[in-house]
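> The primary structure of each chain is shown beneath.
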Amino acid sequence: MEEKLLDIIAEVCDSDDVRAERDVDLFAAGLLDSMGAIDLLVEIEDEFGVVIAPTELEREDMNTVNKIIARVQERL
Amino acid sequence: MTFYTDPAFFVLLAIAVLPAIGLGIAGKPLRLYGFCVSVVFLGFLFSKDLKSLAAFIFYLVLSTAVTMVYLRLRGRENPPKAAYPIALVAVLAPLIVYKVGAVFDQNILGFLGISYITFKAAQVVLEIHDGLIKEFSPLDYLYTLVFFPSFTSGPILRSRAFVEDIHTVLPRGEYIDLLRASALRFVVGAFYKFVCSSLFSIAMWAVPRAIGTSTAAKVALGQVGEAWAYALFLFFDFAGYSLMAVGVGGVLGVHVPQNFRAPFLSVDIKDFWNRWHISLSWWLRDYVFMRVVRIIRRKKLLKSRLAASCAGYVVNMTLMGLWHGITPNYFVYGVYHGVLLSLNEVFQKSAFYKRHKDSRAFKVCSWFVTMNLVVFGMALFSGQVHIG
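First to last, the protein sequences are chains A and B. Counting in the numbering used here, the first sequence runs from 39 upward without gaps. Counting in the numbering used here, the second sequence runs from 1277 upward without gaps.
The set of hints was computed from the structure by calculation and includes no laboratory data. One or more hints might be untrue.
[What the hints assert, rightly or not] Which bits of chain B does chain A cover? Going by a derived footprint, with three or more residues having C-beta under 8 Å, they are:
#1 1296–1307
#2 1564–1570
[Unchecked claim] Non-contacting residues of chain A with respect to chain B, defined by C-beta distances greater than 12 Å in every case (computed):
#3 E40
#4 K42
#5 D55
#6 R57
#7 A58
#8 E59
#9 R60
#10 D61
#11 G74
#12 N101
#13 K105
#14 Q111
#15 L114
Note that the coordinates shown come from a computational prediction; the quantities given were computed from them, not determined experimentally. Cβ atoms here follow ideal geometry from the backbone N, Cα and C, with glycine treated the same way.
Kindly produce the complete structure, drawing on both the sequences and the hints.
Rendered as structure tokens:
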């Protein structure tokens, strides 16, 4: 599951560095923006069936790879 | 009485904020006072127009009834499927009827602020559906809808943040900090609206006249000058109003969201919509764009993610245009921005963009192009460019 999610994040952020640096703030690093975040939620829903409403989480709750993985795992 | 314009409004405001400041400094709840003051202000707003008052009260009764019933149904084990679309249509219907009526020069169900109150009511229904709102007292709901500082023209409040604010009693020190920031915002807002925006509204007619109309080139230059003056006028007028609304909201203990963040520094069109009328574009992003993209992806209507985002942008921005009014200019304005956002999205995926995006020369060019696209968009918006 983690591998699959990493693939998704790497694709949305268009960078393979995210696999190694899992605590980097993706928004601050310019890898993810608000529209990218929406893409990410759609991909997560498609792949894992986990529905996260776009207004459910604050940016600080999903701004690093590790946090995104944690959020998805909570709901699986 | 027009909010933030009539001298009477400011006199009344000065009287109304004093007890609020007293309560806030004493560390007392502001919720009930804020609600009562809002009702009084809206009373003044609609005092000379009973038809609007009736339409407004009708909206409040309709949306409160529908929302409270839907909230209860959604809490059940198996909520009826039809409840969500019915509730959503019910809170949107008065605005749609009003906008369509306006096409035929009829005022049906319309009142000042209907466009903005609809955003709030729709957001509540959508979030009840998403399971994010599980309880909402009728009084809190009404206060969310009637909150007077942002009633007529936003910024658009998010109900969950609003309810949290009105139920939080700030300690004295924090309230005083908020009060200081709010007073500053109010003063800056007033300066924007009454000094800066007035200057640019003068420039709108002064610039073309100064340039003259002796040659076609001068006429064109004059039109460009007028469009730029209009863009700056619109910014100072709207950002000024928004800052004042944020300031007044703060006095009542509510963190009204900021609506502008230096939009004339935008380096691309997406950046622009993250800086201009932010509460509107973020509302549309969260409740329209996201949902449209999700439906397209889920039903596999479009294969690529890029195509889905582009379709989402066009639908999203067309709706944004039509929300201002069903006219050819607003429609074209919406489509124009939808297409620009799509082109931007495609361009930013290109190798050329990735290679050059960090260079200073590229940023300056990108900024210059963006600004001119934006200013042209505003000329579409204002009707300077004639369509139809």
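> Next step is simple, just say for each hint if it's right about the structure.
Consistency of the hints with the structure:
1. 1296–1307: violated (count 0)
2. 1564–1570: It holds: at least three residues are needed, and the segment 1564–1570 of chain B offers 4 whose Cβ sits within less than 8 Å of chain A.
3. E40: Holds, since 22 Å exceeds 12 Å.
4. K42: The assertion about K42(A) holds, with a minimum of 16 Å to chain B.
5. D55: Nearest chain B Cβ is 14 Å from D55(A), so the label holds.
6. R57: holds, 19 Å
7. A58: For A58(A), whose nearest Cβ neighbour in chain B is about 20 Å away, the distance exceeds 12 Å, so it holds.
8. E59: holds, 19 Å
9. R60: holds, 23 Å
10. D61: holds, 23 Å
11. G74: violated, 10 Å
12. N101: holds, 16 Å
13. K105: holds, 19 Å
14. Q111: holds, 19 Å
15. L114: Holds: least Cβ distance 17 Å, greater than 12 Å.
The earlier numbered hints that this structure contradicts are 1, 11.
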